[in-house]
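Asker: For reference, the chains in residue letters:
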Amino acid sequence: MRRLLDIIGLQAGYGASRVLNDLSLHIDEGESIGLFGPNGHGKSTLLKAISGLLRPTAGSIAFDGKDITTQRPPSIVAAGLIHAPQGNTLFGNMRIAETLELAAFSKRAKAEAGRHLEEVYALFPRLAERKQQFARTLSGGERQMLSIGCALMCAPRLLMLDEPTLGLSPRLKEELAAAIAKISKTGVPLIVVEQDVEFLLSLTDRLYMIEHGEVVREISSANAPDHEEVMRLYFGAEGAH
Amino acid sequence: DVIKLGILAPLTGPAAADGQEMANGVKLAVEDLNKAGGVAGHTFEAVVADVGDASADKVATAAERLLGDQATGAIFTGYASTSNFEIDMMAEQDMIYLVSGNSQQTKDIVSADPSRFSTVWSLTPSYDAYNTEIVPVIDELATSGKLKLPNKKVALVASDNPYSKGIANGMAEAFKADGWEVTQNDLLPFGEINDWRGFLAKVRQDPPALLINTDYVSANAATFMRQFMENPTNSLVFIQYAPSVPEFLELTKEKSSGIVYNALGGAVRAASNPRADEVIGKYKAAYNVEPGSYGVMLYEQVMLYADALGKVGDPSKRQEIGAEIGKADKQTAMGRTRFDPATHLAVQGKDGMPIQFYQIQDGNRVLFYPKEYAGGEFKQPVWMK
Amino acid sequence: MDALLATLVSGLVLGSLYALMSSGLSLVWTTLGVFNFSHGALMMVGAFVAWTVSEILGLGPVTGILSGTLAAGLIGIIIERLLVRPFYSNRNMLLITAMTTLAAMVILERGAQMIWGARLKQLPRLIPGEVQILGTTISAHEALLIVLAPLILVALWRFTVMTNRGRSLRAVGQNQDSAALLGIDVPVAFALAFGISAALAGLTGALLGSIRFITPTMGSEPLTKAMIVVIFGGLGNLGATAGAAYLIGFIEAFLIFGLGLYWTPFVLFLLMILVLLFRPNGVFGGK
Amino acid sequence: MSENILEIAGACKFFGGLKAVNGVSFTVARGEMLGIAGPNGSGKSTLFNLITGVPFGPTSGEVRFMGERIDRWPAHRISRAGLVRTFQKDAEFPALSAHDTLLVSATYNGQLSRAQAEARIDNAFRSVDFGQTRRSMPSRELSVYEKKQLMIASALISEPALLMLDEPASGLTKPEIQRLDDLLVAVNRSGVTVLLIEHVLSLLLSVSQRLIVLNQGSVLAAGDPHDVVKNPQVIEAYLGGRS
Amino acid sequence: MANKRQLFAIAALFAALAFVPLFVTDSYIRHLFIIAFVYAVIASNWNLSLGHCGVFNFGHLTFFGIGVYTAAIASKTFGINPWIAMLLGGGTAALSALLLAAPVARLKGIYVVLVTFAFSQLALQLVLSQSQITGGAEGMVRLPFLQLGSYSFLKDFKFGYYYVGLLLLALSCLFLAFLSNSSFGKSLKAVRDAEDYAAARGISVARQRILALTLSAIFTGIAGGFYAIYLRVASPEVFGFGTLSLALSMVLIGGVNTVFGPVLAALVLTFATEAMAGLQGFEDARFIVIAVAMILVLRLAPEGLVDLLGKLRLPVRPART
Ligand SMILES: Nc1ncnc2c1ncn2[C@@H]1O[C@H](COP(=O)(O)OP(=O)(O)OP(=O)(O)O)[C@@H](O)[C@H]1O
Ligand SMILES: Nc1ncnc2c1ncn2[C@@H]1O[C@H](COP(=O)(O)OP(=O)(O)OP(=O)(O)O)[C@@H](O)[C@H]1O
Ligand SMILES: [Mg+2]
Ligand SMILES: [Mg+2]
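Residue numbers (this note's numbering), protein chains in the order written: chain A, 385 to 625; chain B, 5 to 389; chain C, 39 to 325; chain D, 257 to 499; chain E, 358 to 678.
Read the hints as simulated data drawn from the structure, not as lab findings. Check the hints yourself; a few may be wrong.
[Stated by the list, open to error] DEER-style ranges, computed between Cβ atoms: (1) D:Q372 / A:A565: 49 to 57 Å; (2) E:Q637 / B:G314: 34 to 42 Å; (3) C:V169 / D:K275: 50 to 58 Å; (4) E:K465 / D:R435: 35 to 43 Å; (5) D:K275 / E:K361: 34 to 42 Å; (6) D:G323 / C:R317: 23 to 31 Å; (7) A:A512 / C:L95: 13 to 21 Å; (8) A:T521 / D:G266: 47 to 55 Å; (9) A:V600 / D:R435: 51 to 59 Å; (10) B:G314 / E:F380: 38 to 46 Å.
[What the hints assert, rightly or not] Footprint (simulated), chain B over chain E, 3 or more residues, beta carbon under 8 Å: (11) 407–415; (12) 577–589; (13) 608–619; (14) 622–635.
C-beta atoms are modelled at their ideal positions from N, C-alpha and C, and glycine is treated no differently.
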C-alpha cells in the first residue's frame, strides 16, 4: 500500500556528535504513529531532520512519494509537512493574535486562515481571551497551546507534535488528546512524540521506540505492551546510559 | 647617493585633502631638484608617512618610521598633530623638521630653549597679526568710503580649537580697544557644523556692521555662508582662512561673492612676487588642480632645505644644515622668508611675510591689502545697503 | 515669539532628518535585532552614487537619487549575505555583527575615499528656492524632507505590523527555527529587511547630499544620531523610533536656542543617560 | 523561631488588568513536602516568582521566610538565605560546564570557599546521578533531561532550607520520574523543606504530604492530597473527567 | 578547556618577548612593540567587561583616556613623579568606571552601548572645554619622562620603556587569568547568559556588572598613564573613534571567551597594519585589507583567533553513546 512518509537509513547529528544512526521508519496512508524512548536519544532530532531544520548526513526522506531529504523548510512546510517543536518558545515579542495570523504563511494556509483561526480559538479558549498578550509572558501550558495552534494554522497534511502535552494540566491533556484525535479524524495523519505510552496508544496506530538514534522496537495497538513491560523497555534503555 | 625626504601628513581621515596636498608639494619639489641634477651630488626621494586621525601613537609611529631610516635627511609637514609634540622627537635625533602650521604650539615648545631645536623651523609666522591687523584695515576702508558701516558693532563666532578661539578672542580685544562694540563672541564645538541658524538668528536680532567667523573648516564656512545668504543682514562678512581653500569657491559659487578673508604665510600672489605664480603654475601643471596653501608651502620647505644642503654639502651634518636654514633670507612664494632665532618662526610683517587681505569678487580672489601687493580694489558687497 | 517659532521649525527639520536617518537602522534593529554600524556609510554611498549619476553623468537629481537608493540597497543585501548571515546562530551575534558591520563601514568609507577623493561635493537641491513656515525661511528641499519623513515611517510601520511579510521579518529576528517551521524563508527575510533598510539609508544620504557636503565620512554624524534615536526609542517598534526622532529633534533645537551649540551635545547626552536610568528600555520601549 | 519556614499572606501579582496571583495565603511547615497544582495559567510559577523575587516581587502582600519578611529583598539575597528554586523552562549557563555551574552556585549561593565547593560537587552530581562524561562539556550541549538534572543539582549543592521545584517531571520518562521521586523523598528526609509544582499526578500524590490547588490566581483547595483530588471543584477545574 | 596548553604557550610567548630587545636594537621596532603592548592591555581588559560579562561597554577607551590625562596632569601640573602618575591613572579610571557602572548595571544589551558611548562623549567634551587644565584640543606636551635613579629612559632607544610596557602587560595578563579562572570570572559568564537563573543562584547581577567594569578599568587606566608618559603627550584624539574600533577588532579577532586572544590579536594587528603603512599610495587600502582580514577570521573562527589555533590542534570531540 502507498506510503505517506518513508524514511530509510537516516543519519544526522550536531557538528561532531552524531545523534541518528541509520534510522528507518514509515507511515502508510491514513495511519498515525507515535515515537517514544528515553530522553536525549534523538526523537526531536529526527523531527528536526524531517522538517528540514537539520540536514541529514545520510539516508533519505520521502513525503507523499517525493524525495524531500535535501529540501529546505519553506518548501517542506508548503507541502503540508508541519512540525510543532518541543518546548517551543515561539516569538517572545509578538502577540498571540499576530503570531497565529503569521502562522498561516504558506499559500495553502492563507487560503483557509479564517476558518483555521476560529478552530484554534475554539480549541484553546484561553488564547482567544489573551489575543493581545506577548508570547514571552505566557505560562508554560499557554505557550504549548500557542505552539500547537500555530501548527494547525499551517494547514497540515502531516502533523508532527513533539511532546505536545509537556506541562499541560491533566484536564487540558485530556482535552488536547481529544482535540488531536479530532484532527486526525479529519484526515490529518500524525507523528506524536510522547513519554506516556498509554497516551500514545490511545491516539496512534503504531509506535516506534527510539534509542541511541535507532528504532529498537515497533509496537502496534494490537500487541500493546502492559505497564510493566513498558517500564522494562525503558530500563533496558537506561541500562545503556 | 639618494637622500630620503620624509613627509608627515594626514593622508587619510578628515584632513586627507590637506595631507594629499602636502605630499604633492614635496614630490613636486623633489622632481624639480632631481631634474636639475640634484644638490651637492645628492638626489632625492619623497617618503610619505600617514598620521591618520593625528592620534598621538599614529603620529609618533609615523615619525619613528621616518626617523628610523638612516637615509632620511629631513622631514616636512604642514601639520601632523594638533600639539606639535613630535617636535621633541625630531630635536632629540637632530632631524631637520620644517613645519607650516600651529605656529603658536611651535613657539611654546621652542622658545623655552631654542638652542635644543636648531633643526626645527616653522614657515608660518606668529599669528598675532590675525588678531590685530583687521582693525586698521576695516577703519581704512570705512574712512576711504569704500565701505559704508551702518554701526560700529562686530559679532564673532569661533569653533573650539586653539586657532579659531585664539584669533576670535584676539580680534575681540583689538576691536574693543578701537571703540567697537562686540555684540557676540560665540564658541561652537570643533568639528562638523551643519546648522549655523541658531547663531545667525541672534545676529539678525541686532545686525552688526561686521560679522566674523573664525572656523577655518571650509565645509562649515560654506554652510555658514549659504545660511547667512538665506536672509542676509547689512553686515560685512569676514571668514578666517577657509575661503583660501580652493573648493570653497566651488562649494559656495556666487553665494560667497563679497566676503573678505586674510592669509598669513600662504602664497602671496602679486606682481611684486612672481615666485608665487611660478610655483602655483608648476603645481597646476603637475596635478591640474589649484593648490591651497600647503602645496606651495611644502614645496618651498624643500627648496629651503636644498639651499642649506647646498651650502653644507654633507646631509648627515644636520645641525649645520639646520643652522643654515635658520640664517636663510629669501623671497619665496610666501613673500620674504627669514626666521626669528628666539621662536624659530618665520618673521611676519613688512620686512617678512606680509598679512594679505582678499575679497572674493564673483569667483575671483582679489588681493586689496597691503598696497605693495594689491591687485584690485575692495567693493561693497551686493547684499549691503 | 518668532524666535520661538523659528526654534520650533528647526526642531521639526532636525526631527525629520533624524527620523529619516534612523528609519532604516530601526528596521533591522527592531526586526532582526542586528545593529548595523555601516548604516551611515550606506547613506554616504547613496549620496556619492547620486552625485555621480546626477552631476558627472548629468542625468539629473531625480535619476541620481533613485540610483543612489538602489545602489545602497544592493550593497546592503551584499553586506547581509557576507557579513551578517554567517553569524546568526552565534551566541555573540550582536557583538560580532556590530564588529563586521563596523568593518563594512571602514571598507565603504575608505573605498569611497579612493574612488571619489577627499574633496567636498554637493548635489543640487531637488526643489530650488526657499519657503516660509511659521514666518521662518527654510529651503524648499528641507520642507520636502519634513513631508517625506513621516510618510516613510508610517509606511514602514504598517509594513512590519500589518502585513504577514513584514511580521515574518520580526519573527526570524526572534526565533529562526520556529519561523522556518511556519514556512518562512529565513534567508530571504533577512535579505529583505537589510535591502529595505539600506535603500532607505541610500535615499536619506542622497537627500542629505544637497543640504550637507558629500564626503566619505559624512555618514558618521547621522549614524550617531540614528543610534541615539533608535536606542532611545527602545526596541519597541518603529513608532517609538519616530517619536524619539522628533523628540530629540525638538530638544536639540531648544537646547541650541537656550544655551548655544557648544553645550548642547553635552546636555543631550547627559539627558539621555538620566532618561535611561529611569526608563531602562528606552523612552517608548515597553517594559 | 517560628516553626513555619515560609508564610505567605495575601500575596498578589498583577500584570496590568490581569490578576495572575490574587490574594494567596498559606504557610509551609519546616520539613514538610508541599505540592502545588492547578490549571495552566493559574499562577503557580508566578507564585514562585514573587516568593523568590526572580524576576519580580509581589505587587502586594507579605512573604516571610524563617520569620523574616523577604518580599522586598533582592533575589540573590533571598536565595542565599536558603530559599532556592528551579525554573519551569529549562535554564542553563550555556558557556559554563556542568561542573562550573555547580561551582558558581556553591561559592555564591552556598558562600563556600572554593575548596569546600569542589568537595561537595561530586556528591551533588551523584545525588542526581549525572553522567560522568558530561560533567566537563559546555551546558549548551546537554540534553533537555541533563539540563534538568543540572538545575536541580545546582539548587541542592548550596544545601538550601527550602527547595522550590517548578514542574521538574515534565518531559521525563517513567523511570526518570521514578528516580526523581526517590530523590525528592531522600532530600526531604535530609531535612530540606520542599515546594513542588507538578502536573504529573503520580509523582505529586506519591511525594507530597499536603496539596494546594490554585485556580485563576487564588487557592481553590488545600489539604491532604487524596482528599483534595476528590474535591469536585478541583476535578472540574483541573483534573477533568478521569480519575 | 585547553588551559594547560594555553598557559604554556603564553609563558613561552612572554619569555620570547623578554629577549626581543637584546636582538632588536632598532628603536622603531621597539616602539611598535610598546604600542602593541599598550593595545594588548586595552583589548584584553576590555574583554573582561565586553566578552566575559556581556556588558556592551563602548566607553572603555574613555578609561584609557582618563588614565592618559590623569598621568599628564599629575606629572606636569603637579610635578608628581611620573612612575606614581602612571599608577594614579589606574585609580581615576577605576573610579570613573564605578561612576559609569551605576547606570549601566541596570541596563540591558544595546542600551549599555548608548550610555557608555554618551559617557565617552561627555568625557571628551569636558577635556575640550576645560582647556586651562587639559590644554583643550591642543593637548599637553613635553610631559616628564621616566627615570630610574640616575638612569634616564630618554635616549636609550626605548630599551627601558620596552620592559616597562612588557611588565605592565604581563601583570595585566596574570590579573586577568586569575580572575577568569576564579569562580568570580565564571559567575560573570553566568550573569551574561542567564540573568534570572544567576540571580536564583545567589549571584547579584548588578554587583557583578559593576565589579567587571571597575576591574576592567584599572590596568586600562595604568596603560593610559604609561602611554602618556611614554609619548610625553596627552591629546583628545585618544577618545577618537579610530582607536576604539581598532581595539574592538582586537577583542573580537582574539576571541571574546579567552584571556590571551586579544593580546595575541593586538600584537598581530599592530605589526600587520604597520607593515602595510610603509607602502606608498596604499594608505586607505590598508584599512580595507585589515577589515577584510578581520571578517575572514571571524568567519573562520567566530570564537576568535585562539579558537582557530585550537581547531588546528585539537581533535574533534567524538560522538556521544
Ligand atoms: N543544538 C544541539 N547541539 C548539540 N547537541 C544537541 C543539540 N540538540 C540536541 N543535542 C543532543 O542530541 C541528542 C538527542 O537530543 P534530542 O533532543 O533529539 O533527544 P530527545 O529524544 O528529543 O530527548 P527529549 O525527550 O529530552 O526531547 C542529545 O544527546 C542532545 O545532547
Ligand atoms: N510577565 C507577565 N506579563 C503578563 N502576564 C503574565 C506574565 N507572567 C505570567 N503572566 C500570566 O499570568 C498567568 C499565570 O502564569 P503562570 O506562569 O504563573 O501560570 P502557571 O500556573 O505556571 O501555568 P503552567 O502550569 O502552564 O506553567 C498566566 O495567564 C500568564 O499568561
Ligand atoms: Mg525531544
Ligand atoms: Mg508554570
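Asker: All hints, please: hold or fail.
Answerer: Each hint tested on the structure:
no. : hint                        : result
1   : D:Q372 / A:A565: 49 to 57 Å : holds (55 Å)
2   : E:Q637 / B:G314: 34 to 42 Å : violated (27 Å)
3   : C:V169 / D:K275: 50 to 58 Å : holds (55 Å)
4   : E:K465 / D:R435: 35 to 43 Å : holds (38 Å)
5   : D:K275 / E:K361: 34 to 42 Å : violated (57 Å)
6   : D:G323 / C:R317: 23 to 31 Å : violated (37 Å)
7   : A:A512 / C:L95: 13 to 21 Å  : violated (59 Å)
8   : A:T521 / D:G266: 47 to 55 Å : violated (23 Å)
9   : A:V600 / D:R435: 51 to 59 Å : violated (21 Å)
10  : B:G314 / E:F380: 38 to 46 Å : holds (40 Å)
11  : 407–415                     : violated (count 0)
12  : 577–589                     : holds (count 3)
13  : 608–619                     : violated (count 0)
14  : 622–635                     : holds (count 3)
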